[in-house]
Amino acid sequence: DAKTTQPPSMDCAEGRAANLPCNHSTISGNEYVYWYRQIHSQGPQYIIHGLKNNETNEMASLIITEDRKSSTLILPHATLRDTAVYYCIVRVGVSNFGNEKLTFGTGTRLTIIP
Amino acid sequence: DSGVTQTPKHLITATGQRVTLRCSPRSGDLSVYWYQQSLDQGLQFLIQYYNGEERAKGNILERFSAQQFPDLHSELNLSSLELGDSALYFCASSVKGGGASEQFFGPGTRLTVL
Chain A
1 DAKTTQPPSM DCAEGRAANL PCNHSTISGN EYVYWYRQIH SQGPQYIIHG
51 LKNNETNEMA SLIITEDRKS STLILPHATL RDTAVYYCIV RVGVSNFGNE
101 KLTFGTGTRL TIIP
Chain B
1001 DSGVTQTPKH LITATGQRVT LRCSPRSGDL SVYWYQQSLD QGLQFLIQYY
1051 NGEERAKGNI LERFSAQQFP DLHSELNLSS LELGDSALYF CASSVKGGGA
1101 SEQFFGPGTR LTVL
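Protein sequence lines correspond, in order, to chains A and B.
Heads up: the first sequence at position 81 corresponds to 81 in the numbering used here, and the numbers run straight through without jumps.
One rule links them: number in the numbering used here = place in the second sequence (from 1) + 1000.
Among these hints, one or two may not hold up.
What the hints assert, rightly or not - Straight-line alpha carbon distances no greater than 20 Å define the calculated SDA-like cross-link-like pairs of lysine to any residue that follow:
1) K3/A / E1102/B
2) K1057/B / F1069/B
3) K1057/B / T103/A
4) K1057/B / R91/A
5) K3/A / S25/A
6) K3/A / Q1044/B
7) K52/A / E1102/B
8) K1009/B / S41/A
9) K1009/B / Q38/A
10) K1057/B / G105/A
11) K1057/B / V92/A
What the hints assert, rightly or not - Here are some chain A residues the structure puts well away from chain B; computed CB gaps all over 10 Å:
12) D11
13) A13
14) N19
15) T26
16) S28
17) T56
18) I63
19) D67
20) R68
21) I74
22) P76
23) T79
24) D82
25) T111
26) I112
Worth flagging that the hints you see were computed from the coordinates, not collected in a lab.
Quick reminder that beta carbons are idealized off the backbone N, C-alpha and C, glycines included.
All chains should be built: construct the whole structure from the sequences, respecting the hints.
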C-alpha cells in the first residue's frame, strides 16, 4: 500500500469548512483513497473513499487531484463533535489475500475551536 | 453505532495470564479484522478472518491467536500477557473480503496488564 503524509495537527473554527490534506505521491492506479476518523478512544469511523473522481456523502467531500498524488477531505460545516484524529489511507481496491487490511499512519489531529 | 459489538469493554489482568476478547460482526458481514492500538505503536493490524478461515496476518505475536466461529463471531486469545500488551483492541467487520468495501469498527476492548 502507498504511504501517505498528513500534517500532525490542524485547528478549525466551528461552523467553518475544515480542509484536511493528504499526500500520496506513490499511489498506484488500482489504489483507493480512504478516510477514517477516530474520536477520542472510540473505534475508527469510516468517512469516505474514492478512486479518482471527487466524492461526496452526508459526512464529507473528498477531492482527489487529477494526478491522484494528493487529496483533501472537506468537512463543510465543522462542529465540536468533529474534533478527532483523521486518517488518510491508501488501499488496493481489488480484494485479494493479504491486501484488505487498513494501514493507519499517525493521522491529523483536528481540533474544532468554538 | 457501527453494529459491531465487542466484549468486555474493559479488562484488567496480571502478567502471565490469558484472556479472550470477543467480537460480533455486523449482521451479514463475513470478514472480521483485529487491530491493536497502543500508545507507542498506533493502530496496527493483527489478523483477518473471512467466513471462518484465516485470510491475512499482520503484526500478531505468537502468544496471540484468533478464530472465527460458524456463527461468524470471532475471539482473540492473548496468553502469557506482558505489560506491553496493554492496549486498545478493536475488531472490525466488512461485507466481504475487502475490495472497495469499508470496514466498520467496534467500540474496542481496553486491556490493562498489571
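Hint-by-hint comparison with the structure:
1. Taken as a hint, the K3/A and E1102/B pair is honoured in the structure, with Cα atoms around 19 Å apart against an allowance of 20 Å.
2. Taking the CA atoms of K1057/B and F1069/B, the gap is about 18 Å. The hint holds against a cut of 20 Å.
3. Between K1057/B and T103/A the alpha-carbon distance is near 13 Å, which keeps this suggested pair within the 20 Å criterion.
4. This hinted pair checks out: K1057/B and R91/A have alpha carbons roughly 16 Å apart, not beyond 20 Å.
5. At most 20 Å may separate the alpha-carbon atoms for a hinted pair to count; K3/A and S25/A meet this at roughly 8 Å.
6. With a C-alpha separation of about 15 Å, the suggested pair K3/A and Q1044/B falls inside the 20 Å cut-off, and the hint holds.
7. Distance check on the hinted pair: K52/A and E1102/B sit about 17 Å apart at the alpha-carbon level, within 20 Å; holds.
8. Restraint check for K1009/B and S41/A: the C-alpha separation of about 12 Å stays at or below 20 Å, so the hint holds.
9. Restraint check for K1009/B and Q38/A: satisfied, since their Cα atoms lie roughly 17 Å apart, inside the 20 Å limit.
10. Our distance criterion of 20 Å between C-alpha atoms is met by K1057/B and G105/A, whose separation comes to about 18 Å.
11. For the hint linking K1057/B to V92/A, the alpha-carbon distance of about 17 Å falls within 20 Å, and the restraint holds.
12. Annotated as non-interface, D11/A keeps its C-beta farther than 10 Å from every C-beta of chain B; the closest such distance is 22 Å.
13. With a cut of 10 Å on Cβ distances, A13/A stays outside the contact zone with chain B, its closest approach being about 28 Å.
14. Taking the minimum C-beta to C-beta distance to chain B, about 22 Å, the non-interface status of N19/A holds against the 10 Å cut.
15. The Cβ of T26/A sits about 20 Å from the closest Cβ of chain B, beyond the 10 Å cut-off, so the non-interface label holds.
16. A cut-off of 10 Å between C-beta atoms confirms that S28/A is not in contact with chain B; the least separation is 14 Å.
17. Distance check on T56/A: its Cβ is at least 16 Å (rounded) from any Cβ of chain B, clearing the 10 Å threshold; non-interface status holds.
18. The beta carbon of I63/A is kept farther than 10 Å from every beta carbon of chain B, the shortest such distance being approximately 18 Å.
19. For D67/A, the requirement that its beta carbon stay farther than 10 Å from each beta carbon of chain B is met, with the minimum near 21 Å.
20. Interface exclusion of R68/A from chain B stands, the closest Cβ pair being 15 Å apart, more than 10 Å.
21. With a cut of 10 Å on Cβ distances, I74/A stays outside the contact zone with chain B, its closest approach being about 19 Å.
22. The claim that P76/A lies off the interface holds: its Cβ sits roughly 20 Å from the closest Cβ of chain B, which is beyond the 10 Å cut-off.
23. Every beta carbon of chain B lies more than 10 Å from that of T79/A, the smallest distance being close to 19 Å; the non-interface claim holds.
24. Non-interface call for D82/A relative to chain B: holds, since the shortest CB-CB distance, roughly 18 Å, exceeds 10 Å.
25. For T111/A, the non-interface assignment is confirmed: its Cβ lies about 19 Å from the closest Cβ of chain B, beyond the 10 Å cut-off.
26. Remark: the non-interface label on I112/A is consistent with the geometry, its nearest Cβ contact in chain B lying 22 Å away (cut-off 10 Å).
Checked against the numbered hints given earlier, this structure breaks none of them.
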